[in-house]
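Engineer: Single-letter residue listing:
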Amino acid sequence: MAAKRDTPAGRAARMAGTGVSVAGSYMGYLLQRAFLDQPAREAKLKAAHGRAARRVRDELMSLRGPAMKLGQALSLQSGVLPDEAIVELAKLQREAPPMHPTLMRAQFSGSLGRDPEDVFAKFDLEPFAAASLGQVHRATTKTGELAAVKVQYPNIRDAIKNDFTWFRTVSKPAQISGHVPKSMIDELETQILAETDYRQEANHIEFFARGLAPLRFVTVPRVFRACSSDQVLTMSLVPGRHVDEFLARRPSQALRDLVGERLLELFYFQVLRLRTFHADPHAGNYLIADDGSIGLVDFGCVKRFSRAFVGNLSALYLYRGARESAHFQSLIDQRYAMFGTKLGRAGRQALSEFAEKFYRKVYPPEIEKDHIPFDFGESVVLHDYLRESRKLMRSKAALHEHVFLARVEIGLYDMLHRLRARVHTSRIVRKFLEDRASA
Amino acid sequence: MRRPDAGRRVTKKAAIQQRLVAAALALFQSKGFDATTTKAIARKAGVAEGTVFNYFRTKEDIALYFFEQEVEHAIESVQRSPRLRTAPLEEKLFALIQSQFAYLAPYERFIGTALVEALRPASKLGFFSHKAQALRHRYIGFVQELFEESLPKRKFMPVQWWLPDAFWIYYLGALLFWLHDTSSRKQNTLAFLDSTLRIGVAIVKRT
Numbered sequence: 001m002a003a004k005r006d007t008p009a010g011r012a013a014r015m016a017g018t019g020v021s022v023a024g025s026y027m028g029y030l031l032q033r034a035f036l037d038q039p040a041r042e043a044k045l046k047a048a049h050g051r052a053a054r055r056v057r058d059e060l061m062s063l064r065g066p067a068m069k070l071g072q073a074l075s076l077q078s079g080v081l082p083d084e085a086i087v088e089l090a091k092l093q094r095e096a097p098p099m100h101p102t103l104m105r106a107q108f109s110g111s112l113g114r115d116p117e118d119v120f121a122k123f124d125l126e127p128f129a130a131a132s133l134g135q136v137h138r139a140t141t142k143t144g145e146l147a148a149v150k151v152q153y154p155n156i157r158d159a160i161k162n163d164f165t166w167f168r169t170v171s172k173p174a175q176i177s178g179h180v181p182k183s184m185i186d187e188l189e190t191q192i193l194a195e196t197d198y199r200q201e202a203n204h205i206e207f208f209a210r211g212l213a214p215l216r217f218v219t220v221p222r223v224f225r226a227c228s229s230d231q232v233l234t235m236s237l238v239p240g241r242h243v244d245e246f247l248a249r250r251p252s253q254a255l256r257d258l259v260g261e262r263l264l265e266l267f268y269f270q271v272l273r274l275r276t277f278h279a280d281p282h283a284g285n286y287l288i289a290d291d292g293s294i295g296l297v298d299f300g301c302v303k304r305f306s307r308a309f310v311g312n313l314s315a316l317y318l319y320r321g322a323r324e325s326a327h328f329q330s331l332i333d334q335r336y337a338m339f340g341t342k343l344g345r346a347g348r349q350a351l352s353e354f355a356e357k358f359y360r361k362v363y364p365p366e367i368e369k370d371h372i373p374f375d376f377g378e379s380v381v382l383h384d385y386l387r388e389s390r391k392l393m394r395s396k397a398a399l400h401e402h403v404f405l406a407r408v409e410i411g412l413y414d415m416l417h418r419l420r421a422r423v424h425t426s427r428i429v430r431k432f433l434e435d436r437a438s439a
Numbered sequence: 001m002r003r004p005d006a007g008r009r010v011t012k013k014a015a016i017q018q019r020l021v022a023a024a025l026a027l028f029q030s031k032g033f034d035a036t037t038t039k040a041i042a043r044k045a046g047v048a049e050g051t052v053f054n055y056f057r058t059k060e061d062i063a064l065y066f067f068e069q070e071v072e073h074a075i076e077s078v079q080r081s082p083r084l085r086t087a088p089l090e091e092k093l094f095a096l097i098q099s100q101f102a103y104l105a106p107y108e109r110f111i112g113t114a115l116v117e118a119l120r121p122a123s124k125l126g127f128f129s130h131k132a133q134a135l136r137h138r139y140i141g142f143v144q145e146l147f148e149e150s151l152p153k154r155k156f157m158p159v160q161w162w163l164p165d166a167f168w169i170y171y172l173g174a175l176l177f178w179l180h181d182t183s184s185r186k187q188n189t190l191a192f193l194d195s196t197l198r199i200g201v202a203i204v205k206r207t
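Quick mapping for you: the protein sequence lines, in order, are chains A and B.
Take 1 as the starting number for the first sequence in my numbering and just add one per residue.
Take 1 as the starting number for the second sequence in my numbering and just add one per residue.
Think of the hints as simulated: they come from the structure by calculation, not from any bench.
Predicted model, so just to flag it, every value in this text is computed and none were measured.
There may be inaccurate statements among the hints.
Stated by the list, open to error - What follows is a set of in silico ranges between Cβ atoms, one per label pair, in the way DEER data are often shown:
| # | chain 1 | residue 1 | chain 2 | residue 2 | range |
| --- | --- | --- | --- | --- | --- |
| 1 | B | A105 | A | E206 | 34 to 44 Å |
| 2 | B | K44 | A | K161 | 39 to 49 Å |
| 3 | B | G112 | A | T143 | 24 to 34 Å |
| 4 | A | G311 | B | P88 | 51 to 61 Å |
| 5 | B | A202 | A | K161 | 47 to 57 Å |
| 6 | A | R225 | B | A48 | 52 to 62 Å |
What the hints assert, rightly or not - Footprint (simulated), chain B over chain A, 3 or more residues, beta carbon under 8 Å:
| # | stretch |
| --- | --- |
| 7 | 153-166 |
| 8 | 250-263 |
C-beta atoms are modelled at their ideal positions from N, C-alpha and C, and glycine is treated no differently.
One chain only, chain B, in its complex shape (with noise of 0.2 Å):
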């Protein structure tokens, strides 16, 4: 019997990961987040439990992983674009938001109660969880790049210290936006981004 080389090992235990974060999106989506348990995760991706916990602690834990996936795709799809590096800021941002919403739509109902959840003091996806902070310093860090690649280059701009941050709460508001919009496809949030995005780009450039 021959064992598999480390790097065969290393795509399956991806592929095994990939599969129960699959599997407990579609139990989020269909079942809720409250009422899905560890045990139905497993067993959905074919899994023993105890397999569940060679890779995530928590059920919040593989919503987080989840949560960072979304920001890694969205920030990739921004910087594979080479059209986009000389695009205005506006549009970069667009993009930015627009790849994340189009990465959350299928799994819209969890997202409303992970919002909902995200608010609740001791929870791991609270906002100020420790892991939780990392995934926005992570989101706030390319946000700032993209302003200082975009913005005017002048000695003092205080405005861009709190920019990044500012723009995390512009986001979660946009998040609640696209989250109550009914209209066919979502169109108002797209009229939304690109009106708001617009105007905030015009006040930051000229002060």
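If we strip away everything but chain A, and leave its shape as in the complex, we get (with noise of 0.2 Å):
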């Protein structure tokens, strides 16, 4: 069996399978990546379905390289695999391979032509933290103070290039059909390739840092300038605790609401205030304290919207008339227009479903109802936002504008799910909305 499977036309035939069904594949991929790594699904996931995940993922490796990591996005896709199983394969693709302490050294060096023990007071060789381009060291820095060092593994630059080149190729069918527009794979490039940077990185925090002030229960890092580089950086400890740990000292309903509150409300503050978001919503990136408190870490991808564009989501926002009249039409149709595309038949269909059928449900547009909060322990929000966004992309009316709006989005209902957080949506909303409209 296995040498029927290794023969070069049985790889032919899962390669160009794997090809064929490219479509949206990737995005699924990111869209779902952001709530799958958690570590109590993990430990679920290796007590119950450990062996049947690892077979899959056994098969999955044997394509090797980004021909692997497609054949994981098609699978995530697919919904053939079970929920665990798609964990074990999301953490594969997370993932930077270890770096040891020797190669972590030559590469912290390298960067900043020091070794860590002479920038800092102390350095902790075992990393505490894998980030999704590299690991997370804590250190103390010569003047005392607590420090997370992030260090990039060597040339993931060059490894992204080549994975985009491989992906454009084999995806140059969907890419013909429309399903998967080469807008969207370039922004996702360029999205990823900022990731690498961590001087960008670095000048995000501080933009967030400024831009979040009015916001007093955010907590961001703050850089540490002289010991970061390109490929090292060096922020201030986060208080706070993973998600996870924060429910498993069972808070109170009201702590809950009040975190569930706050996490809507930062969302709706950097949309529609700062224009720019935190579009990497990984559970682990969100902090909460004790005292219901948020700490944001991890600004390697950001993602700013144009003026004209957060007009028009503003618009659409809390929208009172009908789906089919003909002004909320024209407002779609100007969303599109500003990218040079037109919307077809089947693509302003599922716009119309999704403002209806998710958006009217989670987000009352009557202001009488305002009152009442949403309840985000049903399981159902999220399955009806994936099920919306799926008709969407298959109408082949995803925007690229969309990709990392909407994978912030599912990461923040995850969150608010789990939490079961019960949150004034539409207040929220409504008062940002009222602030532009004043402004």
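Using the supplied hints, reconstruct the complex from the two chains, each of which is provided in its own coordinate frame.
Structural biologist: Given below as structure tokens:
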């Protein structure tokens, strides 16, 4: 059986299958990646589906390199694997290989010109967390402050470029059919490559530290510029716990509601006020403190929107009228015209349904209902969102601007669901819309 | 007039030898190996040409001496680190090659020509010359030690017989990769060493 699988014909067949079904799979991966990496689920996986998942992983590993990644992405999209297997796969995809201390030191001193022991008073050679492009070490600065030091894996930039070159080739059919527009691949490549420059990430952190200052409940790390470079980023440690640890301490409903309200407020503040948002919604990037304050970390992936795009979003948020109305339809058309594209009939239908079946439900537009919180404890919320966004993809109506917005929304709704939070969704959005109107 | 004692004489000799090597390496790097004469080396080191021959018979001997020092330096840097003693095999091997490359880095141009020179059958630097063989044995012997202390001890492990020799060939390949690596700070070499050693050690452990 194994021999049969490894014949050139078999391999070609597998590759062809992968190539044909590529449509939207990478998108699907990005959309779903956000809420897959949870220690709790991993633990469950190890108990229940460990062996099965490993078998699947081995199968996909035999494809090697980028083919492996695409195979994984495909399996995520098709929904044939159990969640536990998807977690196992997502883990493979997310992590850069771990660096042993000798390699880490070579990277660190190569980039910064000095050894970690010379830069810091104390430096922990064992990493305490994996970052998407490297790993994070604990350290104490010479002035006695605790710090998190992110060190990048060598030349990850070239590896990403190679993957995209390959991906562009195999996804040609999907590009021609319009399911995966070239602009979307460009957007992904630009964003993912941008994550490799830690200097830019340091700029992002400083931007958000200023921008989010009005939200007193948010903490953003401080950058130690003197101990940072393009591949080493030193930041202050941000207090707070991973959502799973936070929940393990059985917080009250009131506290969970407070955190939920704040998470939603943080999201709309970024989109509607800053027009710039933290676009890596991995649960580990939100650290929740016991008083309900939120630490936000990892600013590698940040997305900016144009004024016009945010204007269009706010015109459509809490839209009161019928989705079939000429006004609503013209607003949709405006959005697509911004990117020089026209919306087809199927796309129009998918978008209207998205607005009706998801947004109107979660964000009731009627002001009279503002006092009723939306209960994210119901699991259908996320499924509704995923179902509608898949329809949007299939109808070729997904704009590249939607990619990261959707990713963050999924992460947000997943987090709110895990918190079983009750949130005054419309009230929060309305506040920002009114602020915009008065400004 | 007091005669310098024996200890001081040895130190002075070592200092001159070191000066000659440094002068030769600088010339090999700037003028090229072939164009460098022992006369030029002597001039640069500030000694009479005859003095050179008290230490080295030819410029090939100087080059070989440099490579001996390079290997000793790398072995020492692995042995000296208490942390590496308990590190996984792939890290020890990585550390060994990395410190070799760090030692060679200032003379990259010369290393390229030395590698070509080593391929010439009659060359003293050649892989099969008597002196170069001794150097290779020293290196392979140390690699053998690393394998023995890191791999599980079994009664019969044929793989260990040829493994250190295979590693020597791998090292030459890595050296070529390093010479051709144009990435910033030769990061591609770091990634190459990391991934190949990780995979290689995993395969060896399985067989």
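Engineer: All hints, please: hold or fail.
Structural biologist: Hints, one by one, checked against the model:
About 35 Å separates the C-beta atoms of B/A105 and A/E206, a value consistent with the hinted range of 34 to 44 Å. The supplied range of 39 to 49 Å is met by B/K44 and A/K161, whose beta-carbon atoms lie about 45 Å from each other. Between B/G112 and A/T143 the Cβ separation comes to about 45 Å, which falls outside the hinted range of 24 to 34 Å. As the Cβ distance of A/G311 to B/P88 is approximately 56 Å, the hint placing it in 51 to 61 Å holds.
Checked against the given bound of 47 to 57 Å, the beta carbons of B/A202 and A/K161, roughly 27 Å apart, lie outside it. Checked against the given bound of 52 to 62 Å, the beta carbons of A/R225 and B/A48, roughly 54 Å apart, stay inside it. Restraint check on the stretch 153-166 of chain A versus chain B: 5 residues with Cβ-Cβ distances below 8 Å, three needed, restraint holds. For a cut-off of 8 Å, the count of residues in the stretch 250-263 of chain A with a CB near a CB of chain B stands at 0, and the three-residue condition is violated.
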